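Enquirer: Spelled out, the chains give:
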Amino acid sequence: MDILEFAWLIPVLPLLAFVIVGFLGSKMKDKGGIVALAGVGGGMVLALWTAFELLTTGRIYRANQDWVVLSSEYTLEMGIYLDNVAAMMLIVVSLISFLVVVYSLGYMHDQGPRRHRYFTEICLFVGVMLGLVLANNFFQMFVFWELVGLCSYLLIGFWYERPAAARAAKKAFLVTRVGDVMFMVGLFILFTELRTFNYESVWGMLDSADPTMMAFAAFFLFGGAIGKSAQFPLHDWLPDAMEGPTTVSALIHAATMVNAGVYLVARSFPIIATSAEVSLFVGAIGGITAFVAATMALCAPKIKGVLAYSTVSQLGYMILGLGAGAFLWHHGHHVAASVAFGAGLFHLMNHAFFKGQLFLGAGAVIHFVHTEELAKMGGLGKYMKVSMITMLISCLSIAGIPPLSGFWSKDEVLAMTFEAGDAGLTFMVLWILGVLTAFMTAFYMFRMWFMVFKGQPNEGTKHATEHGGHKHEAPVSMLLPLVVLAALAFGSGFSLFIGDGFFGAIYYDHAHVLSIGERLTEVFTSPLTYISIVAAVSGIMLAYFSFNKTKVSAEKVVSKGFPKAMHQLLLDRYKFPVAYDKIGYVGVYGTSLLLDKFDRYVIDGIVNGISAFLIKSGGVVRKLQNGFVQSYATLLLIGVSFIMILLYVVGVLR
Amino acid sequence: MDYTALYPEIIVALFALALPAVNLLLKDNRFLAAVSLAGLGLSMLSVLMYFLDDMGPIAFDNGLMVLDDFSALFMMVFLSVAFLVILASSRSIEGEKHVAEYYSLVLLATVGMMLVASATDLFVLYVGIEITSLSSYALVAFRKKDIRGTEAATKYFIFGGISSAFTLFGISLIYGLTGTTSFEEIGALVGTLEEYKEMLWMALVMVIVGFGFKVAMVPFHSWAPDVYDGAPTTITAMLAAGSKKMGFVAMFKFFLIAMLAIKADWEIVVAMLAIITMTVGNLAALNQTSIKRMLAYSSIAQAGYILIAVAVGTEFALTGGIFHIMTHAFMKGGAFIVVATLATVAIGERIADYKGLAKRSNFMAFSMTVLLFSLAGIPPLAGFASKVVLFSSPIMGTVQGAEWMVWLSVAGIINSAISLYYYARVVKYMYVDELEEGAPSEKLKLPKAMAAAVAICVVAVIGIGVFPEYFIQFCQDAAQALFA
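The listed protein sequences derive, respectively, from chains B and L. In case it helps, our numbering puts the first sequence at residues 1 to 654. In case it helps, our numbering puts the second sequence at residues 1001 to 1484.
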């Protein structure tokens, strides 16, 4: 049996669960939790099996079905294209989704009948994300892409009675929509130029295509990723998206939605690589995003806020890696380009694990103290041993301490950015930004960790432990995913040393196979490695002294002068929300007001006029119908004469 | 003589004649209905045999009648309509007097329609029309004590008589000019009658008026709303879905076989009548308060659409016309049966009586929605598929010099848009509006047989809409058979 023949079932199983839970869930005792678990779990087993088959054999699986046939030249297809990149995505998406569903069983327990809606939407979310990964063409990807957007809207606004949640859902939907429109423009350009959306056909035709148009296509496709993966300057929806249940945040941040953008960049990598300018643009956006988001995470007051900015920042790394790769490819450094491509995706995978863990851990913390304010926590380590240790592992990992997973991928991304600096000086600047970001990452993650688990118990902690609240850790169904993800956050980097190594399996065009010894030598003989380790360690030290030992008072630093102004600016998120609102209000709302006026007075006037006329003439016809045979007979006479005259006139005139 | 071509008609006729005798033995209404259904079923089977045997046209008596793809298809349509009407009637006329005669007359009316479908001769055609008409007059007046019903029957009879007179006058003129009543022979001769053109035109006027009455073409439509409104609703379903369609079969045969040679003389007139008919029908339907009258005007509008097929007169157009007749039989028949069904559970015939219906019977509201949306031509329902074929026919494959026919499509599409208003209004009443104050709100207990008839129509409407290719193929075969 060839498991790949059954790959189409991977998204179908969660979608089946979506249908079952949607229709019958309200009658089930657990509101569909078990069905959701079974559907997503079944999808995961198939996905892992499929990925194993793909990665061990190096096969590429294609299945294809004409979907909308307008003519032989204008055909949209539905299909499956599975290669090594898709295999990696399958592992990440299905595994984390499954763990999130397991975790949800405990986390959503107190939500009562609303769980029905939750599990229904989660199943849809997972199903369409897996469908997105399986797609074999850009158009199909776009269809699922939009469905992912819909699901995120529904889930971020899960507590729709809270105005903040409703606003956040709307914002996520509208801001990503800007990216979606660009994606669509990219699709239009692709189709007019190449007459196909199929990945392989597109890649194959790049050499003969008009380079200017391809550069535009790449630019607009990347625009889609800017929206979905929350890249600068469309990053601001992601922190707001924290208003949904924490499990949803974990799913959006680690497993599904934001990764869709990176996946799109990976799929359009060859198109991007045709243009040096667009490659540079992609890398620059990635680097700037990483840096800007990290600064905002420095003083975020809420635990999920820190994680949200951190996600944006780490996504910036991934995009930076892919951008550097495209740039290197364009300049003919094909091996390095393949490694950079792999490094971006490597970071995607590692990040998915540790960020998934961090969100679920944060969920456990919030579940315990019933607040998200870091200032109200403190001293929780005493009560939540498992959460504390697993989150420590993830923090070390994301900070980039060897040999945890975050170290390997971040180091590789930075190394490749540095290498791209040879070809274009801009990447040198981006490399510096990347190192600074690494320092800040270590600082803000440990700031969070110390404020939550160490130090004196603050009001939230006291409230939770003293007033009869639970004194224990979260239930097993919540702890299990934490432990599994922490193990992955610790060890997923070692995939570098399994078989041909990560870069021997996930690559663009050129496999980069190194033995364990060679790999270690390469990493640890490079001075760059030590620069990023030093950055990480000093970040942790600074956090330790300011938030655990309180040798350096953070409050004092930001109490006056330039630091104070800077602090306020960061709290205001560089005024981005205000800017969005301004642009939205003046540009969009203003235009829409104008159109509304036009619609109301001109269009509606015409429409209402026509309908009033029609209804009036209907009344006239109705009056003729008075029920008397005599008047009908009159009508008959008129009719006969009319036809007779008409027939003769036509006959004679001819 | 070989009666193979007549088996379907003979079976139904025998059952129609036997029913009053059966009634002497057993006075059970449902038993009689079952016997009638059995007769229709047998007849359908014999038509199916024809389809399955695939033996080509079978002529009867040197070309008085023929059983070919065209007539067989219409027999199936008429038999299906009769089947649904009797299925629904088995409950709606329960407890009335003379039920055996009722069923017998429905079957006889069906025999008439089937004769029209297979006629190849003007006189056979005329006899078929008369059989159907005479049976229908009696059926409309079935409830003798009902003033509205008897008034409707009187009107129907008067206008039916006028219509017959016109038709007969037209036929006699044509016979006088050509010396034959066979469609094919008339068709061969009619192009050679240059010096008698004026007389021929007179004949054309007479036949247009005569058939115009039957299909409720404007301005000969005025009887239709009154009669549809006054008749028992199941009979209305038969008139709208069956006997009116018989008028179109007659028109197809007369215009597209006998008068095809002088098509240029009449196509503009028919096209104008088509546009006038659809427009007047839709406009009048806009502010009706009775659902039956609204559906009656909608029928008039649909007649206008089908006239497009006559005016364009290509094989493709005829395919569309036949297809639309087929789908219209199910959607309009179904809609009237819904009204009849609801009448049995004390829901009135005012459109306002349908307010909040979805809360009392989801099935009825859903069925009515599907049927009405199909009438409006909303995909993926049958009405959409047939309108697509019908409305595209004036654009596709018209002869040179007839580019003006595009306006038929334009008129049809504009009219469809207008019609959506009154169809959607009913849907809004059923789903959006609350029940009227003081109205009962408990769930409806629907008669099973009637619900089944409705369900068949809904399934047919959705099925044809989703898989139109197969049905279009059938209609195309029928159109080819007529032109052969």
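Calculated directly from the structure, the hints in this document are not laboratory data. Do not rely on the hints blindly, as some may be mistaken.
[Claimed, not checked] Label pairs and their computed distance ranges (CB to CB):
{"#": "1", "chain 1": "L", "residue 1": "Glu1184", "chain 2": "B", "residue 2": "Phe23", "range": "30 to 36 Å"}
{"#": "2", "chain 1": "B", "residue 1": "Leu653", "chain 2": "L", "residue 2": "Gly1041", "range": "51 to 57 Å"}
{"#": "3", "chain 1": "B", "residue 1": "Ser617", "chain 2": "L", "residue 2": "Glu1436", "range": "28 to 34 Å"}
{"#": "4", "chain 1": "L", "residue 1": "Pro1057", "chain 2": "B", "residue 2": "Ile603", "range": "33 to 39 Å"}
In this text the structure is predicted, and so the values were computed from the model without any measurement. Cβ coordinates follow ideal geometry from the N, Cα and C atoms, glycine included.
Enquirer: Please check whether proline 1057 of chain L and isoleucine 603 of chain B have a Cβ separation lying inside 33 to 39 Å.
Expert: Hint violated: Cβ distance 56 Å, outside 33 to 39 Å.
Enquirer: Between the beta carbons of glutamate 1184 of chain L and phenylalanine 23 of chain B, is the distance compatible with 30 to 36 Å?
Expert: violated (59 Å)
Enquirer: Holds or violated: the 28 to 34 Å window for the beta-carbon distance between serine 617 of chain B and glutamate 1436 of chain L?
Expert: Taking Cβ atoms as reference, serine 617 of chain B and glutamate 1436 of chain L lie about 29 Å apart, which means the hint holds.
Enquirer: For the range 51 to 57 Å, tell me whether the beta carbons of leucine 653 of chain B and glycine 1041 of chain L fit it or not.
Expert: The hinted range 51 to 57 Å holds for leucine 653 of chain B and glycine 1041 of chain L, with Cβ atoms some 53 Å apart.
Comparing the model with each earlier hint shows violations of hints 1, 4; every other hint is respected.
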